[in-house]
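Novice: This is what each chain is made of:
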Amino acid sequence: MSDVRIEHVTKIFAGHSARDPAVLALDDVSFAIADREFCSIIGHSGCGKTTLLNLLAGFEAPTAGTIEVNGRGVGRPTWKRAMVFQDYALFPWLTVEQNIVFGLEMKKVPADERKAIVAAQVRLVGLEGFEKRYPHQLSGGMKQRVSIARALSVEPEVLLMDEPFAALDAQNRALMQREMGRLLARTEGAARKTMVLVTHSIEEAILLSDRIVVLSSRPGRVKEIVAVDLPRPRDEDSAAFIALRHRLRDLINEELAADSGAAA
Amino acid sequence: MTGTARAIVSLPPPPALAARLFARLGRLAVPAVFLGVWQFASTTLLDDTTRVLLPPPTAVAAAAWELTVNGQLLHHLADSLRREFVAFLWALVAVPLGVAMGWWKLVNDQLDPLIEMLRPIPPLAWIPLSILWFGVGDTQNQFIIFLGIFFPILLNTIAGVRGVEPNLVRAARCLGGGEGAVLRRVVVLAALPQIVTGIRVGLGVGWMALVAAELVGANSGLGFLINDARTLLRTDIVIVGMIAIGLVGLALDLLIREISRRALPWSRSMQR
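The listed protein sequences derive, respectively, from chains Z and G. Heads up: the first sequence begins at 2 in my numbering, then just goes up one per residue. Heads up: the second sequence begins at 215 in my numbering, then just goes up one per residue.
Chain Z with its partners taken away, still in its complex shape (with noise of 0.2 Å):
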């Protein structure tokens, strides 16, 4: 079991004088995700969704209300709460196969078992053949399925995912929406990890979500929660898809109209 569960939780970051003020960046945002289920997270820039992430990870602690994941509140940062982000993060001086087995290591993960492991991951995101490459060795699509592969091979609790795609030119992000697709499809049942995506991309959250989560900007608040019941993998061009497209824009451009009208 892998429920998260936030409530009422508020994050306030600290201003410095009176031309940068404090900054409400979250404003009670409460709702929950069921044990393997896959949750976007989408809303404009500013509306506080990375921060969002960064809190359930254990980056930084929320300033009022409480985050659970398991039924245990989040602490420091560990391997249970592994994170893909938009830049990969990538350790430069290791090459694919050392990026890989580096939570391993720091897991205590017998070196035996290491191989194995990081060996399936490889095989998962398709990287056969540049275990030894080093990241500057490889295209930005690549060093996304690395750092993918990485945060899965210590598997964790939840999988936190901060607009993995974003960096990435038009095709590749196609291609790496369409092959994240498949892999959930592929792995329904047990073997499926509570995920959460922080996107700004609405094909991309209808593409892989369970449900999705849409936040108001300026604080960010949870507007609506949309649930997506279509079969996987997804068709982008069925009318229920199209149909629900239509929806979550409406959802966010009335976000910007208000915002907008806010600052005018």
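Bear in mind the hints are in silico, worked out from the structure with no lab data behind them. Please note that the accuracy of each hint is not assured.
Stated by the list, open to error - Here are the computed lysine to any residue pairs in the SDA-like style, where the Cα-Cα straight-line distance is at most 20 Å:
no. : chain 1 : residue 1 : chain 2 : residue 2
1   : Z       : K109      : Z       : A121
2   : Z       : K109      : G       : L397
3   : Z       : K133      : G       : R476
4   : Z       : K194      : Z       : L184
5   : Z       : K133      : G       : L478
6   : Z       : K109      : G       : R398
7   : Z       : K81       : G       : V383
8   : Z       : K133      : G       : L403
9   : Z       : K133      : G       : S481
10  : Z       : K109      : G       : G392
11  : Z       : K133      : G       : W480
12  : Z       : K133      : Z       : Q99
13  : Z       : K109      : G       : E393
14  : Z       : K224      : Z       : D251
15  : Z       : K81       : G       : E393
16  : Z       : K81       : Z       : V110
17  : Z       : K81       : G       : N381
18  : Z       : K108      : G       : G394
19  : Z       : K224      : Z       : A258
20  : G       : K319      : Z       : E61
21  : Z       : K133      : Z       : T96
22  : Z       : K108      : G       : G392
Dock chain G against chain Z, hints included.
Specialist: Just chain G now, with coordinates in the frame of chain Z:
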């Protein structure tokens, strides 16, 4: 038809051997003119009494040969390099110190005022006091060189640690890395390119400080050699010593650059 198409896309042929040789030699034109003017000025413009102020390149070359054959040059060079190396080993304490200052705010807050007080004092300003403390010889020289090497390494290490990509640290933490592992396996390695830059700068500053320290506080070494030759009015030897000091400084820099290029192939800044 295909022949013409191919001719259009074919790459230009590499320049002929003679052309390449000529281009290579062309770059030596200015140094050659410089040596020629020097030779002319020394042998023709100066008379027998003033020539000692600027001996011609031929006399310098003869002195270099003499010093090499009788082993003097090697002897002084070895002493200077030994001092630089010993001081460098001592100065490496700047690495752990800099990592601690860059990583823990408390350590930095305590040590920074002292460092900022000592750092602006040039190593050479320590020479009089250090002669009183250590006397003339290796220890005093090494102390001065140490001061020259220490601060560049320290400052670069601190900056390197502070500049580590925050997401690398976060990635290590959410893969299960504890404080010690994050420091040893991520922070120090991510800061390594800049630490190496500090070592390069430090060895350069140290080498300059070494020569100054040997001018006044040594009985051997390249700095001693040129000062000793001055008292004997052997300006040819002075110039040989100066050239040797310059060449060794250059060689040290190239050596560190080559080592870091091979040891840190992943570092972009090292590949240039």
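Novice: Run through the hints listed earlier and report the numbers of any the structure violates, in increasing order.
Specialist: Violated: none.
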